[in-house]
Each structure stands twice: as C-alpha cells, then as structure tokens.
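There are 2 protein chains.
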Amino acid sequence: MLLKDLISYNDAKNIIFNSFNELMRYKYKVVDIRSSYNKISFEDIRAPTDLPMFDKSAMDGYAVIAEDTFGASETNPIILNLIDNTNNIIKTDECVKLSTGMPLPKEANAVVMKEYCIEEDGFIEVRRGAHPYENVARVGEDVKKGDIVVKKGEVITPYHIALLSSLGIKNIKVYDLKIGLLSTGDELVDLDDFNTVNELKNGYKIVNSNSLMLYSLINEIGLTPTIYKRARDNKEEIKNSILKALGENDIVITTGGTSVGDRDYTIEAIKEIGKLLLHGVQIRPGKPFGFAKSILNDEEKFVFILSGYPVASAVQFELFFRNYFRARKYVYLPLNRNIASTLGRTDIVRVKLINKDNKTYIEPLRITGSGVLSSITKADGYVLIDENIEGYEGGDIVKVYFL
Amino acid sequence: MLLKDLISYNDAKNIIFNSFNELMRYKYKVVDIRSSYNKISFEDIRAPTDLPMFDKSAMDGYAVIAEDTFGASETNPIILNLIDNTNNIIKTDECVKLSTGMPLPKEANAVVMKEYCIEEDGFIEVRRGAHPYENVARVGEDVKKGDIVVKKGEVITPYHIALLSSLGIKNIKVYDLKIGLLSTGDELVDLDDFNTVNELKNGYKIVNSNSLMLYSLINEIGLTPTIYKRARDNKEEIKNSILKALGENDIVITTGGTSVGDRDYTIEAIKEIGKLLLHGVQIRPGKPFGFAKSILNDEEKFVFILSGYPVASAVQFELFFRNYFRARKYVYLPLNRNIASTLGRTDIVRVKLINKDNKTYIEPLRITGSGVLSSITKADGYVLIDENIEGYEGGDIVKVYFL
Numbered sequence: 001m002l003l004k005d006l007i008s009y010n011d012a013k014n015i016i017f018n019s020f021n022e023l024m025r026y027k028y029k030v031v032d033i034r035s036s037y038n039k040i041s042f043e044d045i046r047a048p049t050d051l052p053m054f055d056k057s058a059m060d061g062y063a064v065i066a067e068d069t070f071g072a073s074e075t076n077p078i079i080l081n082l083i084d085n086t087n088n089i090i091k092t093d094e095c096v097k098l099s100t101g102m103p104l105p106k107e108a109n110a111v112v113m114k115e116y117c118i119e120e121d122g123f124i125e126v127r128r129g130a131h132p133y134e135n136v137a138r139v140g141e142d143v144k145k146g147d148i149v150v151k152k153g154e155v156i157t158p159y160h161i162a163l164l165s166s167l168g169i170k171n172i173k174v175y176d177l178k179i180g181l182l183s184t185g186d187e188l189v190d191l192d193d194f195n196t197v198n199e200l201k202n203g204y205k206i207v208n209s210n211s212l213m214l215y216s217l218i219n220e221i222g223l224t225p226t227i228y229k230r231a232r233d234n235k236e237e238i239k240n241s242i243l244k245a246l247g248e249n250d251i252v253i254t255t256g257g258t259s260v261g262d263r264d265y266t267i268e269a270i271k272e273i274g275k276l277l278l279h280g281v282q283i284r285p286g287k288p289f290g291f292a293k294s295i296l297n298d299e300e301k302f303v304f305i306l307s308g309y310p311v312a313s314a315v316q317f318e319l320f321f322r323n324y325f326r327a328r329k330y331v332y333l334p335l336n337r338n339i340a341s342t343l344g345r346t347d348i349v350r351v352k353l354i355n356k357d358n359k360t361y362i363e364p365l366r367i368t369g370s371g372v373l374s375s376i377t378k379a380d381g382y383v384l385i386d387e388n389i390e391g392y393e394g395g396d397i398v399k400v401y402f403l
Numbered sequence: 001m002l003l004k005d006l007i008s009y010n011d012a013k014n015i016i017f018n019s020f021n022e023l024m025r026y027k028y029k030v031v032d033i034r035s036s037y038n039k040i041s042f043e044d045i046r047a048p049t050d051l052p053m054f055d056k057s058a059m060d061g062y063a064v065i066a067e068d069t070f071g072a073s074e075t076n077p078i079i080l081n082l083i084d085n086t087n088n089i090i091k092t093d094e095c096v097k098l099s100t101g102m103p104l105p106k107e108a109n110a111v112v113m114k115e116y117c118i119e120e121d122g123f124i125e126v127r128r129g130a131h132p133y134e135n136v137a138r139v140g141e142d143v144k145k146g147d148i149v150v151k152k153g154e155v156i157t158p159y160h161i162a163l164l165s166s167l168g169i170k171n172i173k174v175y176d177l178k179i180g181l182l183s184t185g186d187e188l189v190d191l192d193d194f195n196t197v198n199e200l201k202n203g204y205k206i207v208n209s210n211s212l213m214l215y216s217l218i219n220e221i222g223l224t225p226t227i228y229k230r231a232r233d234n235k236e237e238i239k240n241s242i243l244k245a246l247g248e249n250d251i252v253i254t255t256g257g258t259s260v261g262d263r264d265y266t267i268e269a270i271k272e273i274g275k276l277l278l279h280g281v282q283i284r285p286g287k288p289f290g291f292a293k294s295i296l297n298d299e300e301k302f303v304f305i306l307s308g309y310p311v312a313s314a315v316q317f318e319l320f321f322r323n324y325f326r327a328r329k330y331v332y333l334p335l336n337r338n339i340a341s342t343l344g345r346t347d348i349v350r351v352k353l354i355n356k357d358n359k360t361y362i363e364p365l366r367i368t369g370s371g372v373l374s375s376i377t378k379a380d381g382y383v384l385i386d387e388n389i390e391g392y393e394g395g396d397i398v399k400v401y402f403l
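Chains V and P, in that order, give the protein sequences.
The first sequence runs 1 to 403 under this note's numbering.
The second sequence runs 1 to 403 under this note's numbering.
Chain V with its partners taken away, still in its complex shape:
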C-alpha cells in the first residue's frame, strides 16, 4: 500500500455513506415501542393526535367557568355549587374538584387552585378569580397533531419512548441491518478456546477481542451483530467465511490480517467475491482500511475490511460506520498543549476533558501505538485534525467529539 494510492478521509467517507444511503432505503423492520430503545427510526414519525389529547388540570383545585369567578377576592369571595363529576359537564355557578392531570369537564375553562378555595357543605368559596384557561394544560400544548416527533435517522431514547407511547403509538419502523463479524489470523483464539492466561502466553496466542468489541459497538447503535468463527490466514478459508457471512447478513466486517501477507489473503478473497471500492485511507490511526461491494442473489452487500489492531479498528468503525448512524455530539474547546500532525493526512487524536477553575480544556492522550488498548478506555472524546492542518498549538480552539 503506497502512500500515493491512499484516498482521503472525506472521499472514503463519501463513498461509504453513499452506499449506506442506498441500503437504508429499504432495510427496516417494525418493532413494538417497548423494544425500540436505541434503535434508529426509519422514517419521520408524526403525531397522530394532539398532546395532551384533552384539556387537563395543571393544578389540584376546582374546575370552573372562569367568568363566574371574575372579581373574587379574600374580602369578596364568590360562592359556587360543588357538584360531582358524573356527567363530565358543569353549568354556570357550578364547579368540580380535580386533581392535577385530570380532564376538565365540558364547559369548564379554568382551574382555581385549592389554596384559594374553602370547601363547605356542597359549596366552595372562591377567594381569587381565575382568567380563562388559567391552570389548564391545553389540548395540543405539548405536541400538535401532525408534528414530527422523531426524525428519520434519529436514535430512539427513553424520552422518545415516553413521548411516542403517550401519543398512543405502539409500533414503529426502525432500521434493520444484520452485521456479520469475522476476524482473521492464525494467532487468534476465541474466548471459548482457551482456559488460562498462561496458555495464551506460552502458545503465543492473542484473544479475538475485536469481534467482541465490534459486537458491543453494533448493539450500541441498535443494529444486529453476529460473530463468526475466526478464519485462519488462508485465502480459501477467508473467502468461504466471508461468503457464508454475506449470505446471512447485509454487511460483513472483517478484522485482522493487517500485515501485508495476511492482508493480501483478505483483499484477494474479497476481489474474487466482489468489487473493492477503496483500500487504504489517509488517516492515522486506521490507514489499512478497505471497503467492498458484492452482489449476492441480486442483493447489494458490503464488506468493511478493518485493521486487526484494536485501536485502529475502533477508529475505522467510528469514522466509517458508527458516524453514519449516530453522529457524536461535539463542542469547541481549547487545547492544553500542542498536537502535531502531517499535511495530507487526517489524524484522530483521543482526548480527555480537564475541568479546572470553571474552564474546560482538552488534553490529547499520549498514545504510542495503535495496539495500545488501554488508552482508548480512558478517552472522553476525540479530535479530528483535517488533512490541510499541520497540527494545533496549546490554546487553539478545536472541535471535540464526545465518546
């Protein structure tokens, strides 16, 4: 992989995200709202009704016709007949006792707080007048019928679930993508295939941790991952494993075999199955990244070819996969020291937040290699250094994405 063959971060992102756009046009399933947490909405969801659906009391008190209470005061209270709410309607000079949240009877148009009333023998004394719709939560005050309450592509939060269910919505359409995870490498062992740490150490084995990491990362964005048994460094085995996984999924993510010999197996295997759309991106970490398309039974399938180094594969997944489905929040904050970079390459620098004396600074984590897993668990976010920028100085304001 020569430097001149690499494509830029933005070009790579465009190729991949355009492919996702295609795929996302028809990949959905209908789920019960109770199972929709963290899933991604397939469409704009509009309110089928106003919310509240009816005028409700916003206080504990008495539903009245506001005009009946005009002029009421401590010294000049107004007397109303207290009726029960059986018929759900009041007439002039009548009132009904309500708790917060209860619907207003017909004809009532205000609630007098109980603190301003004295109840006695079927009457109440109103000691403060109410203007029309005082202490009333009105129909449509929160949401109007037809309002978009969840946008296409939005991730469903617990708050969305509350809102959607309040609107009487029981099922929604969410994206449904099946993702097969395949690690390659003779040195890898799956979690079930060893007993002790010494077995790993003495056997020079490395745990297939990438598949486990990606499994959680995909669950986190509401898609459906499946882990496949790791493939050895053998073109036919890799090819057959990818074909099997592609047949059962929409996308396959391979990791490992980053070394040239091994990588060739994966790349060569993929070339026999489909079309390599890109290979090698001007980013650090994460340069040895590939993306391919394959047509299987008339369906478009995609392969993400990730590095075997956990930090590199985490970055590749973040930039080219997760960010399509669930972009990170970002803010602009000052750096507390320099970061060096190289023109022509996009750098991803993990950072920690430093809060001190009512100010927030961003501290770049010192990471020595893309194999250094421990650093990634300590980051609060990351900074992308654009290919046109040679680096930043302490005090510079940078865009920080939160993990």
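FYI, nobody ran anything at the bench for these hints, they're computed from the structure.
It is possible that some hints are incorrect.
The following residues of chain V were derived to be distant from chain P, with all beta-carbon distances above 12 Å [claimed, not checked]:
#1 19
#2 24
#3 42
#4 83
#5 84
#6 91
#7 202
#8 224
#9 243
#10 275
#11 308
#12 325
With the Cβ distance kept under 8 Å, some of the chain P side facing chain V (calculated, not the full set) [stated by the list, open to error]:
#13 10
#14 353
#15 354
Here are the simulated DSS-like pairs of lysine-lysine, each with C-alpha atoms no more than 30 Å apart in a straight line [as the list claims (entries may be wrong)]:
#16 P:170 to V:229
#17 P:287 to V:399
#18 P:173 to V:378
#19 P:152 to V:145
#20 V:91 to V:114
#21 V:378 to P:144
#22 P:378 to P:287
#23 P:352 to V:205
#24 P:239 to V:114
#25 V:399 to P:359
Built from N, CA and C at the ideal position, the CB exists for glycine as well.
Guided by the hints, dock chain P onto chain V, whose structure is given.
Structure of chain P alone, referenced to chain V:
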C-alpha cells in the same frame, strides 16, 4: 407539602447516595464478559498479566539480534541467514521473517522493516541497522500485570470488553440491582389495554408512559427493570402492589399520583410499609419527590417516589438515581441568553448546544411545564442552577452536563 418542609437538593442526594453505598456493598453477580456491555463493575479489575503478553513485531519485517545489524547501510549492507521459525529461536547472524503482531523468537531483540531488506536464496541483505527493541511491541507496553484496567463503579464499554478479553479475563463481577416499576393513577392505561388513539381521547385516559421510559433508562445503566401492572388510586391496592414489587426487587420506583389526594395514598401506603426518609425537595422541576426505606425479610429495600409528570420524573430519576451509577460528562460553556432562577431552589434547565463560527454556546430550552414531553427529547444536556444562585446572564460560563 409546604415550602419550609422541603429539603435541599444536596441533602436529598446525600441521603439517597449513602443508602446506595450500603446496598452496593453486596449486590453483584458474575457475568460472562460478552454480556457485560453497559453493566457497572462491582470492583477494581486488575490485569492478571502483562499486555502484550510477549514481545511482538510492530512491523512487517525480519526479527534480528540488533547488535548484528549495527552499521548496516545502503552502501554497506549486512548479510544474515534467513531461517524458518520452527524452533522459535535465533542465533547470531540469523533472522526470521515476521508479520506485524507476530511474536519475536527467543534471543531476537529488534525487527528490521522489510523495506530495508532484500531477501534472496535463504539470506537477507540488511540496508539499515536496528537499535535494540526497534519495531518491537514489548511485553507490558500497553498494560502492566496488576494495573487497574477497570475501576469499581465504571461502566463497561465496548473498549473495556476488548481490553478485558485481551487480558484473558472471561468473567467479571457487575452490580446486580433489580428494580420494580409501578405507576399509580386511575387515569392510566397500559400499552396493551387500548387499541386506538380515539379510545384514549374519548375515555380521558393517559398512557402509562412513565414505566416504559424508566424501563429503558434502567436498562441503559445496566440494571434490571421489571414493570408491574399500574395500581389504581387506592391505598390498599398501592400498598399491596409496592409490597409485591419490593419482595421481588431491591428497589421499587413508583410514579404518578402527584396530586395531593393521590399522593397521600402512595405516601400513606409507604408509611405503613417502611420509613419515609424524605418527601419534597427544593428542585424544579421535580419537587414532589420522596424516598423511603423498608426492611423486608431482614433485607433493606428502597422506594423512590417519583412524580407522574414525565419531565419531572425524568429529572428526579436523573438526579437521584442515574447520577449515582453513571455520572454525566460535563464541560464549561457560555450561555447565549439569561436564565432566571430562585434563591433557595436548585433548577434543572435543559439546554441545546449551538455551534457557530468555531464557538459553542448553550441555549436554554423554553419549557412551559413539567408535562411537556416533547422538549425533553430535544435537549443535548442540562444545567443545574445552584440554590445560592439567582440565575445567569447571557455570556456567563456554566457547567453543562451532556445527555
């Protein structure tokens, strides 16, 4: 509930968090690392081994004894014998071909990148010398045996899963709290108990959305929620429902019945079951909040009494429950306009991030009532206005917690 009876936000938090500290001393279960995503670590987890476990090649190239290559250059290459790696050891003037990530043979102490070597007939020409441990990922470079890799109370991320599994850790202890969710209110209907929106509207019914919201919020922090059938506004029914739920859980969260009459049922019911530790907190929204302790079969159980208003109950859950288990990240950022508050009360103000011209501002959301669910779905974070502060002005720097 009179203003003077309310306790402060900090006092309430201390009472509750101290109770959690007690409970958390013994509530754990052991889970497979593959099921640990988003769970909370019960203890400090220490590395059982160095990582890497053995010296590995950091490049594609040739493992050598560094001293053999000293002085090698383009014009004065050094010749080494290329041997196969069967015995996993080299002697002086020997080398072994390695891919990135492969273990170094014994006695080897450096890797010469393949770019600086020419391979021919069982020999290689080294055209650049390597110093000791050049291009070697050394034992313990990432993690040292005994290092704490996950702290007690930390939430397990996909990156932790990668790190823990790489260390050969297959199972970990995580907090295990069972949470029963119980809504009260005659006006509530559960999701399965209606068919159409018109049924709700015409019957003046409100969907029991709080339990669904809390169910997701509790899943989000890795604890185990169970929803109970909603209880009607009747002291005995509420009491029996709470007792049943307490018997099957460590904590019960009730919502609804915020009005005085209804609230009394819940509070009165709880007083018969246990001890009300607090009732009413100086916060907005969320004032009508209660917390109680009950001893059942010699075990301490807790009841959180939340408001029926979704925004209020979301805030109560955030401040008094979630924040114990998973504190939000925060940064200091400037406000783009004033926020008013009241001395003696802690206000929770939801905000949006506004990114413009390389600066981030915080915009308070205009929220009219604690029933306004739609606003909560639009917030990026929130600001807590301390009880000693009367409000903020545009331009003031405030602490923003990210949702």
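Evaluated hints:
No beta-carbon of chain P comes within 12 Å of the beta-carbon of residue 19 of chain V; the shortest separation is about 24 Å. Residue-level check passed: residue 24 of chain V sits 22 Å from the nearest beta carbon of chain P, beyond 12 Å. Taking the minimum C-beta to C-beta distance to chain P, about 17 Å, the non-interface status of residue 42 of chain V holds against the 12 Å cut. Here residue 83 of chain V stays apart from chain P, with its beta-carbon at least about 17 Å from theirs, past the 12 Å limit.
No Cβ of chain P comes within 12 Å of the Cβ of residue 84 of chain V; the nearest lies about 15 Å off, and the non-interface call holds. Non-interface status of residue 91 of chain V relative to chain P is upheld: no Cβ of that chain comes within 12 Å, the nearest being about 20 Å off. At roughly 9 Å, the least C-beta separation between residue 202 of chain V and chain P is not larger than 12 Å, which violates its mark as non-interface. Every CB of chain P is more than 12 Å from the CB of residue 224 of chain V (nearest about 14 Å), matching its label as outside the interface.
Against the 12 Å criterion, residue 243 of chain V stays outside the reach of chain P, whose nearest CB is about 25 Å from its own CB. With a closest Cβ-Cβ approach of about 26 Å to chain P, residue 275 of chain V is found to remain outside the 12 Å limit, as its non-interface label requires. Some Cβ of chain P comes within 12 Å of the Cβ of residue 308 of chain V; the nearest lies about 6 Å off, and the non-interface call is violated. Interface exclusion of residue 325 of chain V from chain P stands, the closest Cβ pair being 15 Å apart, more than 12 Å.
At about 19 Å, the closest approach between the beta carbon of residue 10 of chain P and any beta carbon in chain V exceeds 8 Å, and the interface hint on this residue is violated. The criterion of a C-beta within 8 Å of any C-beta in chain V is met by residue 353 of chain P, whose closest approach is roughly 6 Å, and the hint holds. Annotation: interface hint on residue 354 of chain P violated; nearest CB of chain V at approximately 10 Å, more than 8 Å. Note on residue 170 of chain P and residue 229 of chain V: the hinted pairing holds, with a Cα-Cα distance of about 17 Å set against a maximum of 30 Å.
Pair hint residue 287 of chain P plus residue 399 of chain V does not hold up; C-alpha atoms about 37 Å apart against a cutoff of 30 Å. Taking the CA atoms of residue 173 of chain P and residue 378 of chain V, the gap is near 20 Å; set against the 30 Å cutoff, the hint holds. With a C-alpha separation of about 47 Å, the suggested pair residue 152 of chain P and residue 145 of chain V falls outside the 30 Å cut-off, and the hint is violated. In summary, the hint linking residue 91 of chain V to residue 114 of chain V is supported, as the alpha carbons are separated by about 20 Å, within the 30 Å threshold.
Note on residue 378 of chain V and residue 144 of chain P: the hinted pairing holds, with a Cα-Cα distance of about 16 Å set against a maximum of 30 Å. At most 30 Å may separate the alpha-carbon atoms for a hinted pair to count; residue 378 of chain P and residue 287 of chain P meet this at roughly 22 Å. Between residue 352 of chain P and residue 205 of chain V the alpha-carbon distance is near 48 Å, which puts this suggested pair outside the 30 Å criterion. For the hint linking residue 239 of chain P to residue 114 of chain V, the alpha-carbon distance of about 27 Å falls within 30 Å, and the restraint holds.
Under the criterion of a C-alpha separation no larger than 30 Å, the hint pairing residue 399 of chain V with residue 359 of chain P is consistent with the structure, at around 9 Å.
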